[in-house]
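Chemist: Each chain is listed here by its residues.
2 protein chains.
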Amino acid sequence: MEQKIPYKIYLNENEIPTQWYNLRADMKNKPAPLLNPGTGEPMKAEELYGVFCEELVKQELDNDTPYIDIPGEILDFYKMYRPSPLVRAYFLEKALDTPAKIYYKFEGNNTSGSHKLNSSIAQAYYAKKQGLKGVTTETGAGQWGTALSMACSYFGLDCKVFMVKVSYEQKPFRREVMRTYGASVTPSPSDKTNIGRKILEEFPGTTGSLGCAISEAVEVATSTPGYRYVLGSVLNQVLLHQSIIGLETKTALDKYGIKPDMIIGCAGGGSNLGGLIAPFMGEKLRGEADYRIIAVEPASCPSFTRGTYAYDFCDTGKVCPLAKMYTLGSGFIPSPNHAGGLRYHGMSSILSQLYDDKYMEAVSVPQRRVFEAAELFARVEGILPAPESSHAIRVAIDEALKCKETGEDKTIVFGLTGTGYFDMVAYENYHDGTMEDYIPTDEEIQKSISTLPQIG
Amino acid sequence: MEQKIPYKIYLNENEIPTQWYNLRADMKNKPAPLLNPGTGEPMKAEELYGVFCEELVKQELDNDTPYIDIPGEILDFYKMYRPSPLVRAYFLEKALDTPAKIYYKFEGNNTSGSHKLNSSIAQAYYAKKQGLKGVTTETGAGQWGTALSMACSYFGLDCKVFMVKVSYEQKPFRREVMRTYGASVTPSPSDKTNIGRKILEEFPGTTGSLGCAISEAVEVATSTPGYRYVLGSVLNQVLLHQSIIGLETKTALDKYGIKPDMIIGCAGGGSNLGGLIAPFMGEKLRGEADYRIIAVEPASCPSFTRGTYAYDFCDTGKVCPLAKMYTLGSGFIPSPNHAGGLRYHGMSSILSQLYDDKYMEAVSVPQRRVFEAAELFARVEGILPAPESSHAIRVAIDEALKCKETGEDKTIVFGLTGTGYFDMVAYENYHDGTMEDYIPTDEEIQKSISTLPQIG
Numbered sequence: 076m077e078q079k080i081p082y083k084i085y086l087n088e089n090e091i092p093t094q095w096y097n098l099r100a101d102m103k104n105k106p107a108p109l110l111n112p113g114t115g116e117p118m119k120a121e122e123l124y125g126v127f128c129e130e131l132v133k134q135e136l137d138n139d140t141p142y143i144d145i146p147g148e149i150l151d152f153y154k155m156y157r158p159s160p161l162v163r164a165y166f167l168e169k170a171l172d173t174p175a176k177i178y179y180k181f182e183g184n185n186t187s188g189s190h191k192l193n194s195s196i197a198q199a200y201y202a203k204k205q206g207l208k209g210v211t212t213e214t215g216a217g218q219w220g221t222a223l224s225m226a227c228s229y230f231g232l233d234c235k236v237f238m239v240k241v242s243y244e245q246k247p248f249r250r251e252v253m254r255t256y257g258a259s260v261t262p263s264p265s266d267k268t269n270i271g272r273k274i275l276e277e278f279p280g281t282t283g284s285l286g287c288a289i290s291e292a293v294e295v296a297t298s299t300p301g302y303r304y305v306l307g308s309v310l311n312q313v314l315l316h317q318s319i320i321g322l323e324t325k326t327a328l329d330k331y332g333i334k335p336d337m338i339i340g341c342a343g344g345g346s347n348l349g350g351l352i353a354p355f356m357g358e359k360l361r362g363e364a365d366y367r368i369i370a371v372e373p374a375s376c377p378s379f380t381r382g383t384y385a386y387d388f389c390d391t392g393k394v395c396p397l398a399k400m401y402t403l404g405s406g407f408i409p410s411p412n413h414a415g416g417l418r419y420h421g422m423s424s425i426l427s428q429l430y431d432d433k434y435m436e437a438v439s440v441p442q443r444r445v446f447e448a449a450e451l452f453a454r455v456e457g458i459l460p461a462p463e464s465s466h467a468i469r470v471a472i473d474e475a476l477k478c479k480e481t482g483e484d485k486t487i488v489f490g491l492t493g494t495g496y497f498d499m500v501a502y503e504n505y506h507d508g509t510m511e512d513y514i515p516t517d518e519e520i521q522k523s524i525s526t527l528p529q530i531g
Numbered sequence: 076m077e078q079k080i081p082y083k084i085y086l087n088e089n090e091i092p093t094q095w096y097n098l099r100a101d102m103k104n105k106p107a108p109l110l111n112p113g114t115g116e117p118m119k120a121e122e123l124y125g126v127f128c129e130e131l132v133k134q135e136l137d138n139d140t141p142y143i144d145i146p147g148e149i150l151d152f153y154k155m156y157r158p159s160p161l162v163r164a165y166f167l168e169k170a171l172d173t174p175a176k177i178y179y180k181f182e183g184n185n186t187s188g189s190h191k192l193n194s195s196i197a198q199a200y201y202a203k204k205q206g207l208k209g210v211t212t213e214t215g216a217g218q219w220g221t222a223l224s225m226a227c228s229y230f231g232l233d234c235k236v237f238m239v240k241v242s243y244e245q246k247p248f249r250r251e252v253m254r255t256y257g258a259s260v261t262p263s264p265s266d267k268t269n270i271g272r273k274i275l276e277e278f279p280g281t282t283g284s285l286g287c288a289i290s291e292a293v294e295v296a297t298s299t300p301g302y303r304y305v306l307g308s309v310l311n312q313v314l315l316h317q318s319i320i321g322l323e324t325k326t327a328l329d330k331y332g333i334k335p336d337m338i339i340g341c342a343g344g345g346s347n348l349g350g351l352i353a354p355f356m357g358e359k360l361r362g363e364a365d366y367r368i369i370a371v372e373p374a375s376c377p378s379f380t381r382g383t384y385a386y387d388f389c390d391t392g393k394v395c396p397l398a399k400m401y402t403l404g405s406g407f408i409p410s411p412n413h414a415g416g417l418r419y420h421g422m423s424s425i426l427s428q429l430y431d432d433k434y435m436e437a438v439s440v441p442q443r444r445v446f447e448a449a450e451l452f453a454r455v456e457g458i459l460p461a462p463e464s465s466h467a468i469r470v471a472i473d474e475a476l477k478c479k480e481t482g483e484d485k486t487i488v489f490g491l492t493g494t495g496y497f498d499m500v501a502y503e504n505y506h507d508g509t510m511e512d513y514i515p516t517d518e519e520i521q522k523s524i525s526t527l528p529q530i531g
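As you go down the protein sequences, you meet chains A and B in turn.
Its first residue numbered 76, the first sequence is counted upward by one per residue in the numbering used here.
Its first residue numbered 76, the second sequence is counted upward by one per residue in the numbering used here.
Just chain A, same shape as in the assembly (with noise of 0.2 angstroms):
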């Protein structure tokens, strides 16, 4: 008889994973280098070390060494809201009626809301271990910038956080989250840094961008002493982090002996995509085993679907090393949309060379149709997903409508990677009928993609 699978698969405390995977051991092309933007040349561990923490530098750099063991302290930290549960979406088969079998992984229980603590616990670790005084971080819809908050008091560190204007302005309980984890917290562009002035100079009203605040967030970390600056997503330590994520759902699944048709996960900067498919990609990789892996991004902000693949400015002030990826170019504003996590105009060099690669696929999801899986998730499932999420749960719902249609009982296994009590400004838009699907044009696209520096 076949096991029954319960609602929620919770392993037990010791089965939490004690090591990260490196997924970039398993690559034959290895993501391409950061380049320093004077020189054009591969960045030294050296030259990294004013920016980042020295052990976080060493993870960013390491192409080679597939298993990494998590300190003890971060795995202490992990066992107050870890493992998270693999959920069986028995509600939402039934409301589909499909034959698919469909499960998420479910990161929103925590206070920050989503997966972000995963990688900021080991950020705030390695800087406290490192001696240091603070950190310095951007944040855009705020989750980022909650894990933060709570991973340096978890350490007694300070923690400076620029949060992008709109933001700063619509989430006022964000922001209140972080104080009480007593962060400070200032809107961008500010007055605070040169970047931010020249900024506001040129663009009196602007109400920011992610670009932007990066931009401030580096210049105070390496212009004050004791400080470093850390960031929630794109880099190579942070999939390395988060791939606690894959970790524990594949231990989960493994467990019931199942074996998943596709993984699908939303794609911002890739933190939460590149940790959830990790070991998943690593049996593909090696040749192991074969998985559809789908990353889904806004239609509004499309850098894998509609993105060129080139060395692009990581921020607006293009104060940061260049990286490789799928970018629309660092000067795309992405107009009106909700889903704040998934406005970066790049991607993570690790995601971008394995799509470049055709190890994965891409969809780009308008956002009146995110909004409306949210909503039937929310009824059936019980859980208010964030906007982020939501596009994932998209794309899940309609590959189990496609095995409706055929009669095929594949598994699906999507990411939701957070709750959206936050962004209930977005939900409200939605109900009223005043959200609007923005879909950039291919001049807009081009013009953005035409100012790429020119390199590589």
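Note that these hints are calculated values from the structure, not bench results.
Fair warning: there could be bad hints in the mix.
Note: identical chains are not told apart, hence a pair may lie in one copy or across any two.
Said to hold, decoys possible - Lysine-lysine pairs mimicking DSSO-like chemistry, simulated, CA-CA at most 27 angstroms apart:
{"id": "1", "residue 1": "K154", "residue 2": "K479"}
{"id": "2", "residue 1": "K169", "residue 2": "K203"}
{"id": "3", "residue 1": "K176", "residue 2": "K334"}
{"id": "4", "residue 1": "K330", "residue 2": "K83"}
{"id": "5", "residue 1": "K208", "residue 2": "K169"}
{"id": "6", "residue 1": "K330", "residue 2": "K154"}
{"id": "7", "residue 1": "K105", "residue 2": "K359"}
{"id": "8", "residue 1": "K393", "residue 2": "K359"}
{"id": "9", "residue 1": "K330", "residue 2": "K79"}
{"id": "10", "residue 1": "K359", "residue 2": "K330"}
{"id": "11", "residue 1": "K485", "residue 2": "K154"}
{"id": "12", "residue 1": "K169", "residue 2": "K204"}
{"id": "13", "residue 1": "K169", "residue 2": "K154"}
{"id": "14", "residue 1": "K334", "residue 2": "K433"}
{"id": "15", "residue 1": "K477", "residue 2": "K79"}
{"id": "16", "residue 1": "K83", "residue 2": "K154"}
{"id": "17", "residue 1": "K203", "residue 2": "K154"}
{"id": "18", "residue 1": "K208", "residue 2": "K133"}
{"id": "19", "residue 1": "K477", "residue 2": "K105"}
{"id": "20", "residue 1": "K485", "residue 2": "K267"}
{"id": "21", "residue 1": "K169", "residue 2": "K479"}
{"id": "22", "residue 1": "K103", "residue 2": "K433"}
Guided by the hints, dock chain B onto chain A, whose structure is given.
Modeler: Relative to the frame of chain A, chain B by itself:
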């Protein structure tokens, strides 16, 4: 060797209780019956059928059946978010440097953000089973309204919520969550009911109260064919449904051979406290075990500690039956107190009788000490607690600090009813120093109590 207690004890799905426990069956002194306000006679079942669903009336009046089967459809729904974790507060113990062992039962991992879902799904189920079209209710802080809207959406019932006006205005996002689940939300007092219009005429600037919203919801339920009224606290049936909290808690503790010394819960109308303590109080009533059981209420609305035990109106409009309870008088208006869920003037009849019979203690705590505890808890345990829940945290911490002084390693269990994501205005006031500790004077309480009906 002592068995290592995990950070989070999760029961398996097949360990979720399949029966609710009816505490009244073990009480020698039963809770006093509801009285007809016109005749002063105990309400008969038939008299209540116009207000409540029939099966729920039976549960309300059943003082004898100790265990009642949970219908399969409710058990299915419980699997969406239950079992809830019993957490060993290792981080809090360490922060307090106490020898006490602290556990909390966390009911906030669902979109309603609290334990209220345990009863709303039961009440919606019986309404559906009776063939009703919809239900009406009131909500203060919004947890109950959210929980009911989720339950009604699940069973396809219409849901009309009267939300205390001050909360409606301060918490637009709560309202939006209810809308996501298809409920209609009306600020109370409204011009949609006779009682609402009357109150608006008498007190044009009023920001509403729970007692007033109850009156409006009851009026609509009793005057609209196919509708009944449902309530999220105070009632015997609600405590019955909420016994699932205590039953799960006891099963989890028993698994590890843990016997608590004291059980602590916040008390507004008594839904959480009554549910959490149910099986423990049962043992105490049957003389099988002894526990300290502590109700925690806000100093601004101290029904147990400064109220009187007498028959009183349940609502401002005096349309409901009379209940015998610890009360501050139905005209009592608690002044600025952000713990919205603990503002009710009265208290569960069951708990009132148990308190009067000295089976439990009660303490009241001022608001700023509550938020001090809330912030500490958020920082070390990683969960941002609801203001209501934080009353229990405050007293759990105080008891743990007493253990530190005496060196006793007592085992403390408290109820963490929910999360505070929709209460950030209160946190903001606390951070900004604008929060006040309002404590009513003896004269104020005396004046309010003097309006009690002369019955019983």
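Chemist: All hints, please: hold or fail.
Modeler: A quick look at each hint next to the structure:
no., hint, result
1, K154 - K479, "between (39 angstroms within a copy, 25 angstroms between copies)"
2, K169 - K203, "between (48 angstroms within a copy, 19 angstroms between copies)"
3, K176 - K334, "within (11 angstroms within a copy, 41 angstroms between copies)"
4, K330 - K83, "both (13 angstroms within a copy, 20 angstroms between copies)"
5, K208 - K169, "between (52 angstroms within a copy, 23 angstroms between copies)"
6, K330 - K154, "both (20 angstroms within a copy, 20 angstroms between copies)"
7, K105 - K359, "within (15 angstroms within a copy, 66 angstroms between copies)"
8, K393 - K359, "neither (36 angstroms within a copy, 69 angstroms between copies)"
9, K330 - K79, "both (12 angstroms within a copy, 23 angstroms between copies)"
10, K359 - K330, "within (20 angstroms within a copy, 42 angstroms between copies)"
11, K485 - K154, "between (32 angstroms within a copy, 23 angstroms between copies)"
12, K169 - K204, "between (49 angstroms within a copy, 21 angstroms between copies)"
13, K169 - K154, "between (33 angstroms within a copy, 15 angstroms between copies)"
14, K334 - K433, "within (21 angstroms within a copy, 57 angstroms between copies)"
15, K477 - K79, "within (25 angstroms within a copy, 47 angstroms between copies)"
16, K83 - K154, "both (18 angstroms within a copy, 8 angstroms between copies)"
17, K203 - K154, "within (20 angstroms within a copy, 41 angstroms between copies)"
18, K208 - K133, "within (20 angstroms within a copy, 63 angstroms between copies)"
19, K477 - K105, "neither (35 angstroms within a copy, 58 angstroms between copies)"
20, K485 - K267, "neither (53 angstroms within a copy, 51 angstroms between copies)"
21, K169 - K479, "within (11 angstroms within a copy, 52 angstroms between copies)"
22, K103 - K433, "within (13 angstroms within a copy, 73 angstroms between copies)"
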